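There are 2 protein chains.
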Amino acid sequence: MLKKRKKLGRGVAVIGAGMSKFGMFRDKDSKDLFAEAFNETIASVDKGVDPNEIEALYLGNFSNDFFVRQAHWGAMISDLIGLAPKPATRTEGACASSALAFREGVFAIASGFYDMVLVGGVEEMSKSSSTEVAEGLALATVPYEGKVGFTFPGVFGVIATAYFAKYGASHRDLMNITIKSHKNAPFNPKSQIPFTVLELMHAKIESLKKKGRPVPEWKNEIDFLSDPGANPSIAWPMHLYDCCPISDGASCMLLVAEDLAKNFTDKPLSVAGIGQGSGRGFHAAPSLTSFEATKNAAEEAYNMSGFKPEDIQFSEVHDCFSIAEIIHTEDLGFFKPGEGFKVAEEGLTALNGPMPINTSGGLKSKGHPVGATGTSQLFEVWKQLRNEAGERQVKKNNLRIGAAHNLGGTGGTCTFTILERK
Amino acid sequence: MLKKRKKLGRGVAVIGAGMSKFGMFRDKDSKDLFAEAFNETIASVDKGVDPNEIEALYLGNFSNDFFVRQAHWGAMISDLIGLAPKPATRTEGACASSALAFREGVFAIASGFYDMVLVGGVEEMSKSSSTEVAEGLALATVPYEGKVGFTFPGVFGVIATAYFAKYGASHRDLMNITIKSHKNAPFNPKSQIPFTVLELMHAKIESLKKKGRPVPEWKNEIDFLSDPGANPSIAWPMHLYDCCPISDGASCMLLVAEDLAKNFTDKPLSVAGIGQGSGRGFHAAPSLTSFEATKNAAEEAYNMSGFKPEDIQFSEVHDCFSIAEIIHTEDLGFFKPGEGFKVAEEGLTALNGPMPINTSGGLKSKGHPVGATGTSQLFEVWKQLRNEAGERQVKKNNLRIGAAHNLGGTGGTCTFTILERK
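The listed protein sequences derive, respectively, from chains A and B.
The numbering used here puts the first residue of the first sequence at 1, with every later residue one more than the last.
The numbering used here puts the first residue of the second sequence at 1, with every later residue one more than the last.
It is worth saying that the hints were derived from the structure and are not from the lab.
Just to be clear, a hint being listed does not mean it is correct.
The list treats identical chains as one, so a pair stands whether inside a single copy or across any two.
Dumping the calculated DSBU-like pairs for lysine-lysine here, alpha-carbon to alpha-carbon at most 30 Å [claimed, not checked]:
hint : residue 1 : residue 2
1    : 127       : 147
2    : 262       : 7
3    : 396       : 262
4    : 166       : 183
5    : 267       : 7
6    : 7         : 47
7    : 422       : 7
8    : 308       : 7
9    : 204       : 21
10   : 147       : 21
11   : 147       : 28
12   : 262       : 308
Since this is a predicted model, take the numbers as computed values, not measurements.
For reference, chain A alone in the conformation it holds in the complex:
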């Protein structure tokens, strides 16, 4: 019965995108942050748009229920942006929540029911202590993990250990991922940590000097990251610099039916592929060094788009932990299994490399307000494909195909979304 090729009955285009600055904001709540992202989205529409034409909202949020004791964020944000009484739906798939919102917005337009839909996400985490954040995130693990005491760094520590054992990688390979992503961070004005690892090392040296404390002889980033005084262990073999920060933020995108896009911009992006998958957690996963949900997501997106991994010119890849980027770039077909750990050191995934990964700086330096991450990754693809990424712009001839991979939980929900400039 199943179709060989998954297609949408009606094309969908992105005509606007925006995101708040990511960071830890004591003085901003989820509504403030979403307003920032929304205002930027409306302003980004080249030929202008009347927000009253928006017909529905899809909003990703993981668990503001837990973090700030407020659920029902579809209705909350619908009120904020003046959408009510039109429909607003919250989607949740842990850290992939807003990639799901994007996908539902695409379906709602492709179905023929709506012409213009706002999609986005928000999360407000920094008002919780780091212990509370760990507890909150553990709600997204399957019960065989979280309820026996696994936190997220713990889970990814086990995954890293399994990967190291299978392929002979080491902690130094993780460091290269971090160094590569942080090199893009200073060029991203939305970044939570807009510094290279070298800059962070020099800042640490200055701070030690000021305090009159002894300064270790760090010659380069690897020296710095190898020093447990600077980069303490979190969950072996994961260290502090292998983990993304705790963040607040929001992001959104405006979608319209493709046949209407030219009314709003001469440079719309086409939704070429939308893939999603689910995974079963450790207790039943076929492998610890591969995510079945990512593989299903990639298969769906490549199938719909007709593209192959080698057609993707750059990609955001979910790097909640450095090991995650390595494994996902393999699962997405960008590199062969067991090869992903070598590519950062070789420069293949650098901004000027043949396959730039996480030009935004990645979750590690840009920040990871979990419900906002999915559409913030697509915001980066939007910026790059429109040649608006400033100093972090990918400089390739005929740049037209970019993608974003978003992971929820410990692999429970993954998405892969391909955008195309036609």
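Since chain A is already given, all that's left is putting chain B on it; use the hints.
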């Protein structure tokens, strides 16, 4: 730019439905309950179905995050039913969460991307104390309500007061809603409270006699419900029998592209109308005696289907509190504003009346596991339109159009769904 008539590019049909028994189950968790609903759904497909053909899951859940400290239910249930690695998405719109799942399932098929999608919902509330449940549900109110101390009974008490003042209704009119809905309850094998109010009165008399306590002279249900000893005040003018119980449960439905439905059954139901709206809470609502979200949902569903209120032959209507049924039947156009409080006493909404409302017994007697309610209401429509509702079957000639209205929060999210037997 906007279309005058909202239509789906591809029709969608319901080919199976199931639900768990609703109640308070110390020995069953959300997975046990969903398994019940899922197994019944698969078994309900007339010509049989291979569950491996299901391509995606949409699952409504309000806040198991809060109730049982577990989020990410899309992935949880995907694992349970053997769907992984295919996609699973959780939708949340407070007590309308699974009606949103149904709607997204419809869009996913109508878009052309999938042919067969499972939709449903689950909630596990009874392991929380009633104080915790009140606190959990308050997460769904807008902050101007919940955070200043309003609970759900409090909000609906205010709404009832405003309605009484505007139209001259009284608590006796609320009692008539309760009496009417409970009359259908004994005929619903899934019901949490499968008794009429008269049966509950007799049970109370027996219990008082056994304890050697004085028995009041209750001549009928109205006497019984007017006695604060039997029906204590909860949030004036709302009494205990105006409020639905705390429940656990799950429900689901199997959707396919309409052109494929005949492979699975000769009696598919067509999705004729799917409407949804959002509301702004008390601080900005245009009225306390009408729900703007319900009105938007009704408008969308009538628009899509081409039906008018008088075409709907019976409906489930969200009666978390008795006053809610009254107001919503007006907002949906079944009765004129200010008339809805009179119709139960006149028998118009009884099982054998001209416009049966809540033939399932309604949330009041069937139970209200919030995330499962939306698709459980549609389960009732399914049963009725297939002439499988047993002793609660609506006996009308040519019964072919039924609907379900689902409310989330204090009006933040509402849906109205119309199913048709062709």
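We went through each hint and held it up to the structure:
1. Within a single copy, residue 127 and residue 147 get their C-alpha atoms as close as 24 Å, and across copies as close as 17 Å, so both meet the 30 Å cut-off.
2. When the C-alpha separation of residue 262 and residue 7 is checked against a cutoff of 30 Å, the pair qualifies both within a copy, at 22 Å, and between copies, at 23 Å.
3. Taking CA atoms no more than 30 Å apart as the test, residue 396 paired with residue 262 passes inside one copy only; the shortest distance there is 25 Å, against 51 Å between copies.
4. For the identical chains of this complex, residue 166 and residue 183 are intra-copy neighbours only, at 29 Å inside a copy versus 65 Å across copies, given an alpha-carbon limit of 30 Å.
5. Taking CA atoms no more than 30 Å apart as the test, residue 267 paired with residue 7 passes in both settings, with 23 Å inside one copy and 28 Å between copies.
6. Taking the shortest alpha-carbon separations for residue 7 and residue 47, both the intra-copy value of 29 Å and the inter-copy value of 28 Å come in at or below 30 Å.
7. For the homomeric pair residue 422 and residue 7, the shortest alpha-carbon distances inside one copy (18 Å) and between copies (28 Å) are both at most 30 Å.
8. With identical chains, the CA atoms of residue 308 and residue 7 are at most 30 Å apart within one copy only, with a shortest distance of 16 Å there and 34 Å across copies.
9. Proximity of residue 204 and residue 21 under a CA criterion of 30 Å is satisfied intra-copy only: 24 Å inside one chain copy versus 61 Å between copies.
10. Taking the shortest Cα distances, residue 147 and residue 21 sit within 30 Å of each other only across copies (27 Å), while inside one copy they are farther apart (34 Å).
11. Taking the shortest alpha-carbon separations for residue 147 and residue 28, only the inter-copy value of 18 Å comes in at or below 30 Å, while the best intra-copy value is 32 Å.
12. Proximity of residue 262 and residue 308 under a CA criterion of 30 Å is satisfied intra-copy only: 28 Å inside one chain copy versus 36 Å between copies.
Hint check: no violations occur; every hint is consistent with the structure.
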